[in-house]
Amino acid sequence: MPKEKPNILFLLIDSLNSKNCFENDKTSITPNIDSLIKNGVCFDQTISCASTTVPSICSMFTGTYPFNSIVVEETLYKLNTQIQNFIQILERDGYSVSGFIPDVIKHIDLEHIFHSKLETFDSFSTTYDILGEKIVNVLERKKMKHPWFLYLHLYDLHGTATFYKNKPDNFQDTKFGKNQYDKMISALDIWIGKFLQHVDMDNTLIILTADHGSDVSTYDLELEKKHNYYIKIRDSAHQNNLAVKTGVKFSSKIPKILIPLKKKISTKIKDTKKNKEEEIIQSEFEKIKGENLSPYEKRRLENCIHVTTQCFDDRYKIPLIFSGKFIPSNLKIHKQVRNIDIFPTILELLDIPFTNPYIESKSLLPLIKGERMDDLTAYVDSIGNTVGQRTDNVVGIRTSDFKYFRDRKKTEYNTHLFNLKIDALEENNLSEKYSDITKKMEKMLLEINPNNDFYPDSVQNSTDKEEEERINEQLRKMGYT
Amino acid sequence: MNLIFITMDGARVDHIIKGKNYQKLIQKSAFFPTTITYAPFTIAAMHAVFSGVYGFKNGVNSYWSSTKFKKELYKTLPKYLKDVGYTTYGDSINKLILPPDGFDELKIHDELHDNLTERHKLLLDKMEEKNKDGKKFFLYLHYSSIHTGIMREVLKKYDNFSDEYFSSVHKNSDFYDSLFDEADEYLGEIINHINKLGLNEDTLLVVISDHGISIGEKFGERAYGVFCYDYTLKSTVLFNHPQISPTCINNQVRSIDILPTVLDLLSIPQDANYSKIDGKNLVPSIDGKHEARVAFSQSGNPLNSTKPPKEPNVYAVRTNEWKYIRNIHDSSEELYFIKNDPNEENNLINIEKEKSNEMRSEMNSILNQK
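In the order they appear, the protein sequences are chains A and B. Here our numbering is used: the first residue of the first sequence is 1, the next is one more, and so on. Here our numbering is used: the first residue of the second sequence is 1, the next is one more, and so on.
I should point out that these hints are in silico values taken from the structure, not numbers from a laboratory. Small disclaimer: the values here were computed from a predicted structure and weren't measured. Careful: at least some of the hints might be erroneous.
Below, a list of computed lysine-lysine pairs in the BS3-like style, where the Cα atoms sit at most 30 Å apart [to be verified]:
hint: 1; chain 1: B; residue 1: Lys-280; chain 2: A; residue 2: Lys-409
hint: 2; chain 1: A; residue 1: Lys-143; chain 2: A; residue 2: Lys-117
hint: 3; chain 1: A; residue 1: Lys-477; chain 2: B; residue 2: Lys-310
hint: 4; chain 1: B; residue 1: Lys-307; chain 2: A; residue 2: Lys-477
hint: 5; chain 1: B; residue 1: Lys-82; chain 2: A; residue 2: Lys-106
hint: 6; chain 1: B; residue 1: Lys-70; chain 2: A; residue 2: Lys-477
hint: 7; chain 1: B; residue 1: Lys-107; chain 2: A; residue 2: Lys-477
hint: 8; chain 1: A; residue 1: Lys-106; chain 2: B; residue 2: Lys-280
hint: 9; chain 1: B; residue 1: Lys-310; chain 2: B; residue 2: Lys-68
hint: 10; chain 1: A; residue 1: Lys-443; chain 2: B; residue 2: Lys-353
hint: 11; chain 1: B; residue 1: Lys-28; chain 2: B; residue 2: Lys-196
hint: 12; chain 1: B; residue 1: Lys-157; chain 2: B; residue 2: Lys-107
hint: 13; chain 1: B; residue 1: Lys-196; chain 2: B; residue 2: Lys-82
hint: 14; chain 1: A; residue 1: Lys-410; chain 2: B; residue 2: Lys-276
What the simulated footprint calls covered on chain B by chain A, stretch by stretch (three residues with Cβ under 8 Å from a Cβ of chain A suffice, anywhere in the stretch; the number is not a length) [to be verified]:
hint: 15; stretch: 61 to 71
hint: 16; stretch: 90 to 100
hint: 17; stretch: 298 to 309
Calculated Cβ distances over 10 Å to all of chain A for the following chain B residues [claimed, not checked]:
hint: 18; residue: Glu-111
hint: 19; residue: His-113
hint: 20; residue: Lys-132
hint: 21; residue: Pro-242
hint: 22; residue: Ser-267
hint: 23; residue: Ile-268
hint: 24; residue: Asn-320
Virtual Cβ for every residue (Gly too), placed ideally from N, Cα, C.
Chain B with its partners taken away, still in its complex shape:
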C-alpha cells in the first residue's frame, strides 16, 4: 500500500468541516476533528507528527530547534517507510519544517511563486510512474498557501498587539475564508488527480491540518504560535482507504497518535531499537473502541520581542472537557471547562481548585517523562 500524506498548513477545523471538497473526502474517511496538535506552529507540530513524540522529548519544541531533532532516539515516518523499501519523496515549504531523515528527496517549493496544485499533480504523476515499476511510494505534500496569505496580509502588516487587527475580526474572518476556499479547491483537485491516476485503490491517504489560525479571537495572538487556545490547538486528521470504514470520531486525540496509526494501517511494526513514543494507535478508535487521551501542547509567546523564544513558555494539558494552561513567562495559570466554554473565556483556576490540582499534576507527570 502506498502512502500520500498531505498537510493543510493552518487549516481551521471550523472551516474544514464545511469545506466542499473536504466534506466529500470526510464522508469517505475515518475523520478525527479534535486532533490536538503538540505545537500550534508548523515546525514543532510536524516534528511531533513525524516522530509520534512530544517536542520536549524529540528536541524540537521551538521555531529554532529543528536541527536538534533526536533522530538517533526517534524514528521518523519517512525513515520507517524507507527502511521497508518505499520510495520516499516530499515537497515542503521550508527545510526547517520536517526531519529530513528517511526522505530520498525532500524538495522545497517557493511559497510565493509556485503553483502548488500543478506542482503536486506532477509529483503524483511521478509517483505513479514509480508505482508502475512495482515500487511502493510515500509522497508528502505540504499545502502552504494559507500560511503564505497570512504571512503577507497579517504577519507582515500587524504585530500581536495591533488594535487595528483585533478590532477587525469580521474582516480577518473574511480574509481567512478566501484563503481556505483556495485550500479546499487545491484538495479537490489533488483528490481528483489521485483518482484519475487510479492511485486511490492501493494508497492510504492521510490528510492533516497541523494547527489552526487566529482571526483575532484573543488579543496578543494575531496568527498562531503564541498561546495554547483551541482555535490554534485544534487540528484534524483523516485516514482514507477503500478498506477503512468511514467514521467521524469526535473524541479528542493527539497529533502524536498519527504516526503509530499510519504504521499500523501499513502493517509496519514499531522499531524497538528506538525510544518508546508517546503516541498511541488510533485504529481501535476507528473500529469503535474509544479511549480518553490526554493531550499536551507547548507554544512560545514572543511577548514584546519580534522573534519567537528559543524555548516554549506556554504549556497546556487538555482533556475532552478541561484545559489547563501554564504561562511560564509570567507564572500565571488558566483553567477552562472547554465543554461549556469553548472560547476559553472563563478562567476557573482559582475556583475549581481540585480540578486545577488534578490538571497540574497531569502536566507534571507528562513533563517528567523525560
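Next comes chain A alone, as it looks inside the complex:
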C-alpha cells in the first residue's frame, strides 16, 4: 500500500548553530524547538557543505556539492538549474510547493523550482515584524493544496537582522540568552510555536535545519560590542552588508543598455572603498597578532572584525531535526551527517523514487530506523555568496575524527588538519606532523572531485535566441526539429 502523503513544513533558520540549538548549556529559551526534538529525531553532528547561504541551500536542494550545485553568472552564484532538484521531484509526486525567502537571495533562481509560489520578504525584517503573521495566515487559511511542501527560510539570526534592526523588546532580558544571538533564538522560537499550532502534527513531516552556523553565536558582550564597532567602521568605508542586496536590486532595475557604464563607475567607487576597508582590517589584524590569546580566540576576534573564513566548525555545524509523521520520538543520533542528505531522507520517508545525475547525498532513513550506516564523509567549502570573495579560499573534508582543508586549487598550500576528538576548537594544525593522515584526507577530497576543479562552472547567457534559431534551422535541415 502506498503511504498517505503527509504535508511537509521545512524550517530553514539562517545561521543557526548546532550547539545553540541542542546543547545543554545553551542560553536561549526554546520550548518549541525542544518539543520538536523531544518528539522527533535529532542529528547533532550535521555538517553543511558551505558556510554561506547560496551554495549551502543550492547543495541542499540538489544533493550535490557547491562546485556542481551552483553556477556563476557574472558576479553572482545561482542555483544550477541544469541539475534535477528535490523540489521538482516532490512536485512531480503531487506536492504543491511554496515558500518564503529573504529577498537577498532572490537572484539565485529559486523561482525556477518554486515557480510563482515563492514569496520574498525584506531581509531586514524578522519573523516578529510582519513575516510571522504572514506565515501564520498562510497556514491558518488552509488553502494550500494537500499534500503541500512549505519552505520557510527565516532570517532572524543573520547578522543583518541581529545587529541592525530593532530588537524584540520582550526578549532583551539576559534570561533569554547570554548574547544577542541567543535572545533572537528565544524570540524566534515563539513564532515557531505559532506555526506549529496551525499544523496537523499527525499528518505533517517537519524538518528544522539551517544553511550554516555562525561565529556570532559564540560572542560574549564584549565581542558583541567590538563586532558592532567594526561593522560601523567597515560600513563607513564600504557599504559591505548592503552590497549583495544593492547589486541585486541594481541589476534588476537598470535598463540593460546602461549596465556596462553603471558597472564601470560603481566598480571604480567600490575599489576605492574596498582599499580603504582593507587598510583598516589589516591594521586591526596586526594588533591581534600581538595579543596573548589562544588560536581560537584570535580567530574569533579576527572574524569579528571581518570574516576570514577557513573551514572551521562554528560555521559548518548545523542542527537537523525531523519530527512529525513517520518519525520516531526522542531519538538522538550522534553520527556525522550532511545537509545534502536531508532531501534524500525526506524522499525515502515518503517512498518517492528518485535518481540524480550528480548525486553525492544519501538517505538517513537507516539511521532513523536504528540501522547501521557507513560513516558519511562531509565535503566543506568556504565559497561565498558572490563571486570573488576573500573567503573563497579553501576546500576540505570532515570526518567524525578529523578536519582537513587546503587551498581551493593548490593541493599543498594552506593545509590544515585537526584532530576533532581532542581539539574541538581546531587550534592545533597537525597537517605537517601527521602527513600520512593529511595525504589520506587529500585523497578523500580528490575522490570527490578527481580533477581538483572546485570552482563552479560559468553559464553563458543562454538567452541568445538568434543563435538558438540558427541552430534550430540546421537541426530542421537534418530532420531533428
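Position chain B relative to chain A; hints supplied.
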C-alpha cells in the same frame, strides 16, 4: 603517414559485420565491433570522438550545444594533425556535426542532392595531389546517406509514438537493409579508389559508425537519440594500415578511445597543455592486451516535444555484461544483464540490488569527474 577518417553515419553493427565490402575491409583491419558511443546521435557522438572526452565535459551533450565545445580545454583530432603539419580537409553533412578547429577546409555537402561517392573520390584525388607535393594529409569523409533516407522516410513521416511505424518492424528492417546496402557499396568504391591511387600504402584508414538506428525495437524511439539501448549505442571502429595486424576485438571499448588510438598510431603525443581526456589508447588491445572499459553514454529523450531537449535526460553506464540506465526525466532506472539479455527486455533494477548500487556508483563517479 596520412589519415583518412570515414564516418558511416547510422550504420548498425549487425549490418556492418555482414556487409560485403565491410567484411573485406574488416578482414584486413583491427576491428572493434562493440564500440559504445558517448551519444546515440551524431552531433554529440562526433564531438566526443574528435576530443576523446565525454560531452558533459567537452560542452557538447545535446543537439543544441555544438557552439559550446570547449576547444580551449580539449584539443581535437584535426587540431592535433594541423599542429604537426598535416593538410586537414573535411567533408561533412552539417556544420554542427564537428568541432571546426584545426580544419584547413571543412566543406558541407548537400545530403539531398550530392553524389557522395563521386564527391569523395574527387577529394581523394585532391589529397593525392597534396601527397605528391610531399604534404601529409588528413581527410575526413562523412557518409550521410543512411541518415538522409531515415530523415525522408522515418523522421519526417512518423513520430516516436507512431503505431504504424512500430507495428511494421519487418518493413522498417527492409528499408534499413536497402540504405545499408548503398552504404556498403559506397565504402567499397571508396576503398577501391584509395587503393587505385596507391594511398593505402602510407595511410591509416579509420572507419567508424557513430551510432546505430532503431528499426522499431522499442516503442518511443523511431530512429535514435532518444534512449540508451544497444541498438543505437553500439557503434564500430576499424583501423586499417599495412602494418596493423588484422584482429577482431569483441570486448567493449568506447568511442572516446578512438582519438588517443589514432594519435598513438600516428606517433603524435597527447598535448599536456590541454585537459586530460577520458579516452584510452586501444593499441594495447590490438596487440592482444585487453582490459575492461566502462562506457558512459547520454541521450536526450524529447518526450512529447517536437524538439530534442537542451540537456541530456537519459544516462547509461555499460560494461561487457551489464547496463544501467537512469531516465532523469521521470526518475526511473533500468538494469539489464546484457550478456544474456541483449535486447534489454528484463529490467533487473529491483532484483539485482547490489549490482544496481554498483552501477549507480560507477555512474556517479564518472559524472563527478567534472
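Provide an ascending list of the numbers of those earlier hints which the structure does not satisfy.
Those not satisfied are hints 5, 8 and 18.
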